[in-house]
Amino acid sequence: MNKWEDNKAWFLVLPVFIVVAFSAIIPLMTVVNYSVQDIFGPGQRYFVGVEWFKEVLNDSRLHDALWRQFLFSGLVLLIEMPLGIGIALLMPKKGWGVSASLVTIALPLLIPWNVIGTIWIIFTRPDIGLFGAAINSAGIAFDHTASPLHAWITLMFMEVWHWTPLVALLAYAGLMAIPEAYYQAARIDGASAWATFRYIQLPKMRGVLTIALLLRFMDSFLIYAEPFVLTGGGPGNSTTFLSIYLVKVAVGQFDLGPAAAFSLIYFLIVLLFSWLFYQALQNVGKGEER
Amino acid sequence: MDLEWMAWTPPTAIFFITIALILLAMGIWEIISPTIERRGILPLSTTRGDRLFIGLLGSGYIAIAWMGLTDWNLYLSLPVYVSFIGLVMRFG
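One line per chain: the protein sequences are A and B, in this order.
Add 568 to a position in the first sequence, counting from 1, and you land on the number used in my numbering.
Add 225 to a position in the second sequence, counting from 1, and you land on the number used in my numbering.
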């Protein structure tokens, strides 16, 4: 009897399964089909086997875009995770400051992604932008359209400004869910602020931090709109990330086969890292609990 | 139903039918004999479904390495995937 009641839950999942099938599985199947063919147009396609995969795997421009992407996502996680946790720890826990800080911190998340790029183009312009004009008047010739380093610095600032609030909000939600009794016990034991953070707050935030880490890794690894608007992948190819390069191949050159082949490799990379992060965070502190 | 827009080919159709049959078989197996989480040679506790996922994902990477590093026919790598998935399912 119990078994039947448990299995009924599957019918409730069915609508989600149907939506996912239409929005993800069927398009993914189509991409797999495209990856083994040379597509010239509707009805004009020729089977080429794994030729596109071999071409893509030996394409130095894609290798460069891949390393750039890893560097970008690595920096994003290294900066945003500690910064978000730090902001959450500093946010007020009661009173009017809670609403004020929540609204303020959530503002960057409400802005459309392409508008973010436009805001930062204007913000960093050396002639009229607040940041660009200020830093140039200090004697530093800052120009993200000419210098790859400046383009990267601008991108990182933009990314951190845009998405650290998400980490902070998730970490804050995790902190607010910790019962007061844990802090009372810590005070009785004379625990330092660091010990309270390390042994109470951090383990209790594990679930929300897992979500934050996964979301930030996947989003930053798939980033497109903001760098496309801000730098267009330049100067040169210095900010051409995987998705920007893929769009150039798929839409610009209409090379659907190679683009599909690389999309699948891209998908496998995201899948592997998401799974690794998930496993790592699920197992954090488990050894100490025994 | 016209599926021309999906650009099906016989190899990719066989690939997806195989995946679907594996998932179906795993579902039936789960109903007949529910999985028990265990720890084998992999450094984590896994269910049967976890081990299948690890096997399939690992096979994907073996295929990438095969295509990127060798000029051999991809069909020759089939026994490697089957062996890898079998090993992970049995001892993982």
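Rather than coming from a laboratory, the hints here were simulated on the basis of the structure.
Any given hint could be a false lead.
Unchecked claim - Using C-beta positions, here's what the derived DEER-type ranges look like:
id, chain 1, residue 1, chain 2, residue 2, range
1, B, ALA238, A, ARG629, 46 to 54 angstroms
2, B, ALA238, A, ILE779, 31 to 39 angstroms
3, B, ALA238, A, THR686, 57 to 65 angstroms
4, B, VAL305, A, ALA701, 33 to 41 angstroms
5, B, ILE256, A, ILE779, 26 to 34 angstroms
6, B, LEU281, A, ARG629, 26 to 34 angstroms
7, A, GLY800, B, GLU229, 49 to 57 angstroms
8, B, PHE278, A, GLY707, 52 to 60 angstroms
9, A, PRO650, B, TYR286, 27 to 35 angstroms
10, B, ILE253, A, ASP627, 41 to 49 angstroms
Predicted model only: the values in this text are computed from it and were never measured.
Virtual Cβ for every residue (Gly too), placed ideally from N, Cα, C.
query: Does the Cβ distance between ALA238/B and THR686/A fall inside 57 to 65 angstroms?
result: violated, 45 angstroms
- request: May I ask you to test the hint 26 to 34 angstroms on the CB atoms belonging to LEU281/B and ARG629/A?
  value: Because 29 angstroms falls inside the window, the suggested range holds.
message: Range first: 27 to 35 angstroms. Now tell me if the beta carbons of PRO650/A and TYR286/B are that far apart.
response: holds, 31 angstroms
- request: Can you let me know if the beta-carbon spacing of VAL305/B and ALA701/A is within 33 to 41 angstroms?
  value: For VAL305/B and ALA701/A the Cβ distance comes to about 60 angstroms; the hint is violated.
task: Look at the Cβ atoms of GLY800/A and GLU229/B and judge whether their distance stays inside 49 to 57 angstroms.
output: Cβ of GLY800/A to Cβ of GLU229/B: about 35 angstroms, so the range 49 to 57 angstroms is violated.
query: Regarding ILE256/B and ILE779/A, is the given constraint of 26 to 34 angstroms on their beta-carbon distance met?
result: holds, 31 angstroms
- request: Given the hint of 41 to 49 angstroms, check if ILE253/B and ASP627/A actually sit that far apart at their C-beta atoms.
  value: Holds, at about 42 angstroms.
query: Between ALA238/B and ARG629/A, does the beta-carbon spacing fit 46 to 54 angstroms?
result: violated, 32 angstroms
- prompt: Should the hint that PHE278/B and GLY707/A are 52 to 60 angstroms apart at their CB atoms be regarded as holding?
  reply: The hinted range 52 to 60 angstroms holds for PHE278/B and GLY707/A, with Cβ atoms some 55 angstroms apart.
message: For the hint 31 to 39 angstroms, verify it against the beta carbon of ALA238/B and that of ILE779/A.
response: Given a distance of about 36 angstroms, which is inside 31 to 39 angstroms, the answer is holds.
This entry does not satisfy hints 1, 3, 4, 7, going by the numbered hints stated previously.
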